[in-house]
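2 protein chains.
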Amino acid sequence: MTEGDTGDGFGSEHRMIIEQVRDQIDPGAAERKAMRQVTAQLRNRITAEIESLPVDADIIQVGSTARGTWLAGDRDIDMFVRFPADLDREVLEEYGLTIGNAVLPSGDEEYAEHPYVTGTFEGFEVDLVPCYDVDAGSELQSAVDRTPHHNRYLQTRIGESTAAAVRVLKQFLKGIGAYGSDLRTRGFSGYLTELLVVEYGDFEGVIKAAAKWEPPVEIDPKAHGSAAHDDPLVVVDPTDPTRNVAAVCSARNISRLQHYARQFLEEPAQTYFTSPTETTAKMDSEVVRTHLQRRGTSPVAVVFDSPDIVDDQLYPQLRKSIQGIRTALEAEGFDVIRTATFADDQAVLFIELMHRHCPAIERHTGPPIAVREHASEFYTAYESDTDTYGPFIDDDRYVVERERTWTDAAAFLRSEAIFDVGLGAQIEEALADTYTVLIEDDITALTPEFGESLTRYFEPTA
Amino acid sequence: MTEGDTGDGFGSEHRMIIEQVRDQIDPGAAERKAMRQVTAQLRNRITAEIESLPVDADIIQVGSTARGTWLAGDRDIDMFVRFPADLDREVLEEYGLTIGNAVLPSGDEEYAEHPYVTGTFEGFEVDLVPCYDVDAGSELQSAVDRTPHHNRYLQTRIGESTAAAVRVLKQFLKGIGAYGSDLRTRGFSGYLTELLVVEYGDFEGVIKAAAKWEPPVEIDPKAHGSAAHDDPLVVVDPTDPTRNVAAVCSARNISRLQHYARQFLEEPAQTYFTSPTETTAKMDSEVVRTHLQRRGTSPVAVVFDSPDIVDDQLYPQLRKSIQGIRTALEAEGFDVIRTATFADDQAVLFIELMHRHCPAIERHTGPPIAVREHASEFYTAYESDTDTYGPFIDDDRYVVERERTWTDAAAFLRSEAIFDVGLGAQIEEALADTYTVLIEDDITALTPEFGESLTRYFEPTA
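Residue numbers (this note's numbering), protein chains in the order written: chain A, 1 to 462; chain B, 1 to 462.
Isolated chain A, as found in the complex (with noise of 0.2 angstroms):
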């Protein structure tokens, strides 16, 4: 035990922060009965759509306002309709978006696994969705016939202090920035949230679990996981024995969790609820030149029109891109200290380099001379290169100094060689058509518009 474990769980002063979040986040009374208005009125139209079809079929709510995890001011609510599972799915897609549009006419037709139907009632936001009525598991006929398994899983299991906890651990997931699992935050889900209290038992075993995570942590409340999971967190769902929920949690983000809950237990502060989105201050060009002043690195930046695509596409896109980059870059010479991507109405590949320049020769070690046609093939190929030192022998290899392909960074990233790094799909069609790269005091030119994006990577936390 080390000493930071000894004693570690919440006193006194975690408690009466968690009642001070708990003000703020568990929702009123008004705010629960209007719920359960709004929701009761929903099923009621649901119901009466349904029975115009010539089908039988249920309605499921779900997320986070079916299992009472909703934070204060949420007003999202989620209707599952459930037809028979030998409905043809045309027929199923017609009727969901039939059942849609009547509840919800101003809505908007959005595409899932299956299209389905998002819009306002009664100042609650609406997503009416299709699905079938088939077994867990390995019967489903896409992701989200999946969700009124879950829903069917957890409310049992989660009663009213277990919600209470739930909104806690998200609440406190939200302040440290790895809530959702969208693919640009790559954080925890609000189900996975909840499978995380219900193993725990409540946000400090939550809390006081994650402090001492070795991962890969393997949590499988069913014990029935049977599919290997290279994740360093694997939370196997109690409906589907092959499907990690943490799948989309980044190692950094499970980092995140993890520093932040030893620091709460050590010593708590309201501040860890609170979302850093909301609090990150612009940084601008002054403060941005002091910051490369200090650093005497080499940034260099490829900045373009943020190609029309969501978020989930674009974000993993742009790691990829920037993945690339850096790939590409350190196999020619260059040493990268650190990348960034930021996106707005542009977006930027950002890649700070010890240095932009490199010499013009390169070190190229040869196989050791003792491996005789290697070896022998090594220095026919450079024997008679008059750009190149050597071959020489070092201790018991051939090594030759040849000329660089590339000695200046942005020369690189300005050419064509950028479009063979493997830059995401979309990136590389807006790269096509036009991009800057932007170096040394040139960097400062990303404020306004990156001002929050560069103060979180000159200010970096946790």
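Worth flagging that the hints you see were computed from the coordinates, not collected in a lab.
Stretches of chain B that chain A covers, calculated by requiring three or more beta carbons in the stretch to come under 8 angstroms of a beta carbon on chain A: (1) 210 to 222; (2) 251 to 261; (3) 378 to 392.
Now the in silico label distances, taken between C-beta atoms and shown as ranges: (4) Ala-331(B) to Ser-161(A): 53 to 61 angstroms; (5) Lys-212(B) to Thr-388(A): 22 to 30 angstroms; (6) Ala-247(A) to Glu-416(B): 51 to 59 angstroms; (7) Thr-405(B) to Thr-279(A): 33 to 41 angstroms.
Ideal Cβ placement from N, Cα and C applies to all residues, glycine included.
Using the hints provided, position chain B relative to the given structure of chain A.
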């Protein structure tokens, strides 16, 4: 079998070239006769001196002139006077010097493990060394006592044709710069050369074997090796089961023999028998400048007066010093392309860097978050350090970007920090006196003194 292996072996061209080499290096009849005569005179003189002492001793001629393996023009004669094993060491030393000074009246007293006298006798360079008459191996009182045993072992095994092969191999090793067990060269000693020829039968045998060596190579002529050696080439001394005759051989020189053996097999030429020290041109400052510009690197040179010590002390200390500097600079984040040491009246520690400057910050990666105690210590150490960026989380670890101690390699070398890198003792003394750090174009000031060394550096061959 690789293609290069098929048909490995000497053809008529190889034999012709070896004949041409032998014409130059085989001592002629007159030289042999002179050697015989001088040796006989020397023995007589020594015998007379021994007879005037109250002790029994015999005379053993050792080394290449004893075994007929000397190269034409070599005028070194090694005579050992062997005293009874029970003779007091001080008495042995006294007698040794008495005989030496009498026989070589204009000679100098030198010191190996015993003092000995070196001087000129009838135009030949004579070493006259006292030693003990002891059995081989563990009973040796000092390393020189081993020499007569080497002699006895080889004398029965080196006939006329083997001696000729030894001479050819010696000349080949000289030609490729790998001959000599001094600590500057770290190459093949005469004794080692002889053992290799005895082992592989003739020059062709050695060349064919070396071309195929896959280090570590172990040769144990008497199959009595009793010690483990961490050397790429191990030739167990036939007169001492614990000793590796090739211990001083550097990996580079072994690789060099392998390389040139293959080259010679493939395309025989006389040039392999021509010493590079006879052919290296002196590079002038203009050519140095051209290379520096072409390479685009950042060379730094520490220049100081050579300490007044013998090469066998100087070169190991130079190597230790440059390795210490390299390690220290790499630890500070500088990338080293190549290093070298030059020595004449002045000595030079030469370091060629990717960049002379590094940014003001350096990335410092901490422990994985999962390793709670270490991670917390790391976090606490940097948490309130305002000179540090972070700690932030990257994947599953804490990271900080902290101020770099040294951003200029030349400033590092000019500072007291150079005395902490593990310099050789006399190098440290010399630097404590005074030294200069040359950068950029000032490197050209190393000409003309180090013109040949710079040629070897900037026009490296195997």
